[in-house]
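2 protein chains.
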Amino acid sequence: MATEKLASWAVNLSYSSLPPEVIQAAVSSFYNWVGCAIGGALHPTTTTASEALTPFFGKATSSLLGQKGARTDASHAALINGIASHVHDYDDTHLSTIIHPTGPVASALFAQAEALGGVKGDDFILALVAGIEAECKLGMGVWPKHYDIGWHITSTVGSIGAAVAVGKLMRLERTSMQHAISIAATQVTGLRDMFGTDTKSFHVGRAAQNGLLAAVLAARGYTGSLQAIEAKRGWARVVSTENNVDDQLATLGTEWEIARNAFKPFPCGIVVHPVIDGCIQLHREMGAEGGRTAADIERVEVRVHPLVLELTGKKTPQDGLQAKFSVYHGGAIGLVLGKAGPAQYEDQVVLSKEIVTVRDKISATADESLGADEAKITVYLKNGTTLTKHVQHAIGSVEVPMTPAQLEEKFVDQASVVLGAQGAQSVSKVCWALQGSANVAALV
Amino acid sequence: MATEKLASWAVNLSYSSLPPEVIQAAVSSFYNWVGCAIGGALHPTTTTASEALTPFFGKATSSLLGQKGARTDASHAALINGIASHVHDYDDTHLSTIIHPTGPVASALFAQAEALGGVKGDDFILALVAGIEAECKLGMGVWPKHYDIGWHITSTVGSIGAAVAVGKLMRLERTSMQHAISIAATQVTGLRDMFGTDTKSFHVGRAAQNGLLAAVLAARGYTGSLQAIEAKRGWARVVSTENNVDDQLATLGTEWEIARNAFKPFPCGIVVHPVIDGCIQLHREMGAEGGRTAADIERVEVRVHPLVLELTGKKTPQDGLQAKFSVYHGGAIGLVLGKAGPAQYEDQVVLSKEIVTVRDKISATADESLGADEAKITVYLKNGTTLTKHVQHAIGSVEVPMTPAQLEEKFVDQASVVLGAQGAQSVSKVCWALQGSANVAALV
Chain X
1 MATEKLASWA
11 VNLSYSSLPP
21 EVIQAAVSSF
31 YNWVGCAIGG
41 ALHPTTTTAS
51 EALTPFFGKA
61 TSSLLGQKGA
71 RTDASHAALI
81 NGIASHVHDY
91 DDTHLSTIIH
101 PTGPVASALF
111 AQAEALGGVK
121 GDDFILALVA
131 GIEAECKLGM
141 GVWPKHYDIG
151 WHITSTVGSI
161 GAAVAVGKLM
171 RLERTSMQHA
181 ISIAATQVTG
191 LRDMFGTDTK
201 SFHVGRAAQN
211 GLLAAVLAAR
221 GYTGSLQAIE
231 AKRGWARVVS
241 TENNVDDQLA
251 TLGTEWEIAR
261 NAFKPFPCGI
271 VVHPVIDGCI
281 QLHREMGAEG
291 GRTAADIERV
301 EVRVHPLVLE
311 LTGKKTPQDG
321 LQAKFSVYHG
331 GAIGLVLGKA
341 GPAQYEDQVV
351 LSKEIVTVRD
361 KISATADESL
371 GADEAKITVY
381 LKNGTTLTKH
391 VQHAIGSVEV
401 PMTPAQLEEK
411 FVDQASVVLG
421 AQGAQSVSKV
431 CWALQGSANV
441 AALV
Chain D
1 MATEKLASWA
11 VNLSYSSLPP
21 EVIQAAVSSF
31 YNWVGCAIGG
41 ALHPTTTTAS
51 EALTPFFGKA
61 TSSLLGQKGA
71 RTDASHAALI
81 NGIASHVHDY
91 DDTHLSTIIH
101 PTGPVASALF
111 AQAEALGGVK
121 GDDFILALVA
131 GIEAECKLGM
141 GVWPKHYDIG
151 WHITSTVGSI
161 GAAVAVGKLM
171 RLERTSMQHA
181 ISIAATQVTG
191 LRDMFGTDTK
201 SFHVGRAAQN
211 GLLAAVLAAR
221 GYTGSLQAIE
231 AKRGWARVVS
241 TENNVDDQLA
251 TLGTEWEIAR
261 NAFKPFPCGI
271 VVHPVIDGCI
281 QLHREMGAEG
291 GRTAADIERV
301 EVRVHPLVLE
311 LTGKKTPQDG
321 LQAKFSVYHG
331 GAIGLVLGKA
341 GPAQYEDQVV
351 LSKEIVTVRD
361 KISATADESL
371 GADEAKITVY
381 LKNGTTLTKH
391 VQHAIGSVEV
401 PMTPAQLEEK
411 FVDQASVVLG
421 AQGAQSVSKV
431 CWALQGSANV
441 AALV
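So the sequence lines, in the order shown, correspond to chains X and D. As numbered in UniProt numbering, residues 1 to 444 make up the first sequence, in order. As numbered in UniProt numbering, residues 1 to 444 make up the second sequence, in order.
Some hints could be false.
Copies of one chain are not kept apart here, so a pair can be met inside one copy or by any two copies together.
Unchecked claim - Derived BS3-like pairs: lysine-lysine, alpha-carbon spacing no greater than 27 Å straight-line:
id, residue 1, residue 2
1, 314, 429
2, 120, 361
3, 145, 59
4, 145, 232
5, 389, 232
6, 314, 232
7, 145, 361
8, 376, 232
Keep in mind that the hints were calculated from the coordinates and are not lab data.
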C-alpha cells in the first residue's frame, strides 16, 4: 500500500515534528534553489523556453525569478524557474541517488504559493520537506535500475515530489493526496538520452509543472489510481525492473533525506570537485607562504578516482561548457584564481593565457585507491619547493558540507550577474529568513 | 537513424502524394474526433479539468469544443479537447495496436491551427496524416511489449504524433523536427493502471499538450537528442523490452496506418460490438416480419469469443458506466431499441423495466471457435419462431467500416446533446468540408 502510506505520511506531517536540522536543511535547500534559479534566468535555455511559451502565458500570479519582475501563471512559472534552477548544473544533489531534489519541488511550490498568496514560511518549509522526502524515498526505492534503464531520475520522481509538496500546501486530505500522487506518477518525464541538450533542464521544469497540475486536479476531485505506485502495472514496476519502495517508505519521518542534501560549490561535474577544492586551498597557501602565485608553478601532478578522467578528461576545452568536463581547467582556475564560480567558467576565462598556461602544466593520473570525492595534488614550484594537498572529502560532500557563508558566497556570485551586487545581497538576506516569514511571496 | 528517418519523411510529405483513401480517412478521423470532443465536453472529467485549470488559462486563441464558444490558449485547448474526445471511450481505434490515434494529434493540431489562424484544410489534413502515421508506426514498433509492461500506448506515442503534426503545420525543417520528436519522446505519459479513472482520458489531452509544447519549443531552436528514438538509452529501449521500429518506419508512405483507422459505432468496449450489431439487425428484421417487437421474445442465446465474457460479463449493471461492460445490456438495447448510442447508455435506460426484462432473457456462452469481432445470436420468440444472426465482422471493423451516413448519425447523436439537433447538423456539415477549406478555424 505504498501510495496510501506515502499520502498518509505527507498529510499527517506537522511542522512541530520536524527536527531542527531538517528545518535548517529545508531553508538551505530553498536558499540554494533561489540562487540557482536567478543565476540561470538569463541562460538561453531558459529565455528561449520563456519566449516560445509566451503565447500560452496566463494570468500573472507568480514570478519568473531573475527576470526583472516578470510574472506569469503558476504553471509556467514552475516550468521556467525549474529550467533556470538546473541549467547550470549547479543545484543540489541527494548523493545516494544523484537526484537534484529541490528544483522540481520548489519550482512548483513557490509558484503556487505566490498564486495562493499569504503562505507562511513555516507552511512552505513543511510542504517542501514533504515533497523532497517523497521524491527521494521513491527514488531510492527504484535506484539504481531505474536510472540504468535510462530514466532521468530527478524529473521522474520530481513530478511526484512536486505533487506531494503542492498537495500538502493545499491541505489535501489523504485520498486526494493519493490521487495527486497518481496523476503525477503517470506523467513519467525524462530520458537520460537528453543529457547535454536544452531538454535536460526542461525535465526539471516539466516535472514541477506535472506535479503542480496533478495536485490542482486532485484538489478538485480528479481521480487516478489509488495504488498508482505499487499496482501490478503501477509506477514502480513500469519504470524499474527492481524496486524496494516499501522498505524505503518505512523510514519516512525517521531517516530524513533532506538532511543528506548536498550543495555544489562549483558549477561543474561533481567528480572534479575534490581537485578544485584542493587547488583553491593550495592557491591560498601559496599566497600565504611568501606571496607565491600560479606564475611560480613548474608543474602539477593530480591523482584522482578513475571516473574523473573518464567523465572529465578533456585536456583542451574551447569554451565554458567543455570546461565543465575538464579536470585540467578546474585545477587551473583553483590555482590561478582561487575561485571556481560561474565567472570562472566564462568562455574568455577558459581561453585566457594565464589559465591555459597553468592548465597545460597539470597532469592527471587515475588511482583506484582513491574515493570519488577524494584527490591528491602535488604542486612543483620553479624554486624547487613542492606543496601537497590530500582532499579526503571535497567541500560540498555530506562529510564536509558548505557552510552558510559559503552558500551565501555562491548565492551572491550567481545572483549578482543578474541583479547586481546590491540586489543579490538584499535577496539573499530575505531568502535566509524563510523560517517564520509571514508571506513567502514577499521574499522575491 | 529512426529519429532522422521519421523527421525527414514527415518534413518531405506533400499533399499531392497522399492517396485519395488516405485523405478520406483523414477527413473521417477529424470528423469523428470533433463529434467525440463535442460529445464529451460536458462530462465531469472534462469540466472538472477545465475548472481546475482556469487560473492558468492564457490568451484565448483556441476553442473548447462544445463549451458554448469558450476559448483559451492553444495548450489548454489541446488538453481539454483531448480529454473530451476520449472520455466516452467512443473515439477511433487503430486496431493492430489499439491506439486511439486522432485524440492526441487532432487536439494539438486544431488548437494550434486556430492560434496560428488562416490554416488551410489541406495543410491541416497533411499535418494530421503525418502525425497519425508517426504515432502508429512507432506504436507498432514497440507493440505489444510496451503495452504489456503497462504503458497506455495511445498517449505515450500520442505525444510524438502530436509533435510531428504540429511541427509539420509549423513547417519545421528536418533537424528541428528531430528535436520536436525528441522533446515529445522524453515526456512519456500514461500508465494503464489509471484505466477506469479520470486520468485515462487526461492522458490523451496531456499527450496533445506534450506534443504541442515540443513542437513550439523546437521551432524556437530548443534542442533535444537527435537520436531520441533509437539511442542506447533512447525512447524505444527505455519504454519497451523489444522493438522493431526500423522495420515499421521502412513502410512509411507505402502502408498507410490512417487508412486502417476504425470508428466505434457504439460507446462501449469494442468486444461487445458484434452482439450489438447483430441485435440491431434482428430488431429490424423482427419489425419487418409482421411487426414483432422485443415483447415477443421468450429468450436469447448468444455465442461469443471468450474475451467478451471476461471483459464484459456484467449481468446486472446498475448505471451507464457499468453497462459499458455488459454484453447483456448491449444485446438488450439492440433488440428493444434498435440503437446503441450514448442515449442508450444513460442510467435511466440501463435501469428501465423494458431493457432489464429483455436483458435478463439473454444467456451468453463463450465459444473459442469465434473471432473477437464475431457473434452468433439466436432469438426464440414466444410463438415458437426462431431468428438467427451470424455477425462475421462487426460494423466498425476494417472489413465492415462505418459508412459516412453511419458516421454522421454518430456525430449528430453525440453533438445534439450539447448543441441541439440543428447546431449538430450545422457543425457536421462544415466538418465534412475540411478538404479544400480556406481556414480550418472557421469550422467551429
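Evaluated hints:
1. 314 / 429: neither (38 Å within a copy, 64 Å between copies)
2. 120 / 361: Neither, since 53 Å and 64 Å both go past 27 Å.
3. 145 / 59: Neither: 41 Å inside a chain and 43 Å across chains, both beyond 27 Å.
4. 145 / 232: Close inside one copy (18 Å) and across copies (15 Å); limit 27 Å.
5. 389 / 232: Cα proximity of residue 389 and residue 232: none, with 53 Å in one copy and 40 Å across.
6. 314 / 232: Between copies only: 23 Å across, 45 Å inside.
7. 145 / 361: Neither: 40 Å inside a chain and 54 Å across chains, both beyond 27 Å.
8. 376 / 232: Answer is neither; intra-copy 49 Å and inter-copy 35 Å both fail.
In summary, the numbered hints that this structure violates are 1, 2, 3, 5, 7 and 8.
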